[in-house]
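Novice: What follows is each chain in one-letter form.
Protein chains: 2
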Amino acid sequence: MARPARVRLIEVGPRDGLQNEPVPIPVETKLALVERLAAAGLPVVEAGSFVSARRVPQMAGSAELYRRLKRRPGTAYPALVPNLQGLAAALDAGVTEAALFISASEGFSQRNIACSMAESLVRLAPVAGEAANHRVRLRGYVSCVLGCPYDGAVAPETVAEMAERLLDLGCDEVSLGDTIGIGTADGVRRLLEAVARRIPRERIAMHFHDTYGQGVANVLTSLDEGIAAFDCSVAGLGGCPFAAGATGNVATEDVLYLLDGLGIETGIDLRSVAETGAWISAQLGRDVASRAGRALLS
Amino acid sequence: MARPARVRLIEVGPRDGLQNEPVPIPVETKLALVERLAAAGLPVVEAGSFVSARRVPQMAGSAELYRRLKRRPGTAYPALVPNLQGLAAALDAGVTEAALFISASEGFSQRNIACSMAESLVRLAPVAGEAANHRVRLRGYVSCVLGCPYDGAVAPETVAEMAERLLDLGCDEVSLGDTIGIGTADGVRRLLEAVARRIPRERIAMHFHDTYGQGVANVLTSLDEGIAAFDCSVAGLGGCPFAAGATGNVATEDVLYLLDGLGIETGIDLRSVAETGAWISAQLGRDVASRAGRALLS
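From first to last, the protein sequence lines are chains A and B.
For the first sequence, UniProt numbering gives the first residue as 1, with consecutive numbering after it.
For the second sequence, UniProt numbering gives the first residue as 1, with consecutive numbering after it.
Hint data in this document are derived by calculation from the structure and do not stem from the laboratory.
Glycine residues also receive a C-beta, built at the ideal position from the N, C-alpha and C atoms.
Be a bit skeptical, because a hint or two may be false.
Estimated spans, in silico, between C-beta atoms of each pair [said to hold, decoys possible]:
hint : chain 1 : residue 1 : chain 2 : residue 2 : range
1    : B       : Val23     : A       : Ala244    : 42 to 52 Å
2    : B       : Pro126    : A       : Gly226    : 31 to 41 Å
3    : B       : Gly267    : A       : Ala5      : 19 to 29 Å
4    : B       : Arg6      : A       : Gly226    : 24 to 34 Å
5    : B       : Met1      : A       : Asp92     : 49 to 59 Å
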């Protein structure tokens, strides 16, 4: 399996990174974050979500954010949408790319969205149909692909099945999320081998959390498995609701440092991302969780 | 190249990790650290150094530490020695394994030990001879193997040459240090290919710093190159004198999490190491820099 010559990074900091922040972040700050990341060359910046403001209050300003967003030509700004109501709100705010999510474990599905995995697919079908009617490109997330905080082990074949279903619904790409950051190299390889028997590797993105320090190593393993798209979060924003104080998403800067070192093209300026990471971390009153970010700016 | 079934971890936290700490750490604390790490199953714990107390005041208590150390059968407790005077002091304190150090770059050699690389080997010859006379096992360190803060790029062939010289001097094992944590996977692979043309892979240990977040990924690459010995530091103790605020040695807990995940034996109890990492970090008044350590104890 040849490593890709070019990789697409999907920046999820403004959504996945910020969604669990306890203190409200002004829309101006989020907007500046999204625009800085796009200016640094990130080709995809997930900028918000249209979920219940009661369940995820931090994302309540997403409509305003999308309305005010100055879009760069060629940059995609997907929003997470859970249902028809969310999609309608997203469309109303000018969203042109959306992301749907399901789980690869029953325990997580029940606790996160209060339905079974099978039911979640049934519920998403009309959302996907409506998105297609509006020519909204769709991305799919599968969570808990390497383990579940409730059910433990997750079979690679189950992930492959769920990923295929998302493509059937009309998703262009499926992001496989190690939601609790539990996976190591061989598990990643086994997972990718199983999923790639059902869907093309170029439709797969990997989404790692650095909870146990394995994020960059798991990206490396995925590259060696021919994967060319990765979700990541500036300054390692985000945490793990299942492990208080634990690290969040793999940091964009750390992944970029790896890709630059391997001579893989991204079109992204590492220093600009690091500066944005230092800036948003200062806004949140916390240390930069990206090691490359800290070292580059020291 | 087959991955090893068993890996030996060399814990360097008490020496490499603590040596640059600004506030004096009581010998009792260092002693407890060394003994806790040995009890957790670390087969090698580098416990101190016999260098100039003026240059490295934090290591001034090493003689007392070695005198008071309760040794576990089967555990090795090497000390760093720079010269004959240091070796004599180490022998006097009961040290039975020692480590010598050289650099793979002229700039670092001059600034760190004020002599050329060639001269450093000449100076170490009598130290190695005296160590042999006392049946002291020797380990060798080569620093800056993937780049130098002064000279930039370092040729893999130069590292190979220096590693071979250390074996010629009587070292059992050579630890190749990415002192500034600059390397990525392909550089590690090229380095190991070059060094393995000169010395057997079982004589090579790798020593990574996590400055740019690449530590665990570089361990993974080295495993895939057949390397079975790694230096690491509990709680990621240590910093980088060339990048203020940057991360230190790759954390023992993060490496162990990888090895456990790959089914590679170490004989080390990850939870005990994580608890020791939390304890020493509290003593130093800092956060645990190991991601796996934080997650495991959350």
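Novice: Any of the earlier hints contradicted here, and which numbers?
Specialist: 1, 2 and 3
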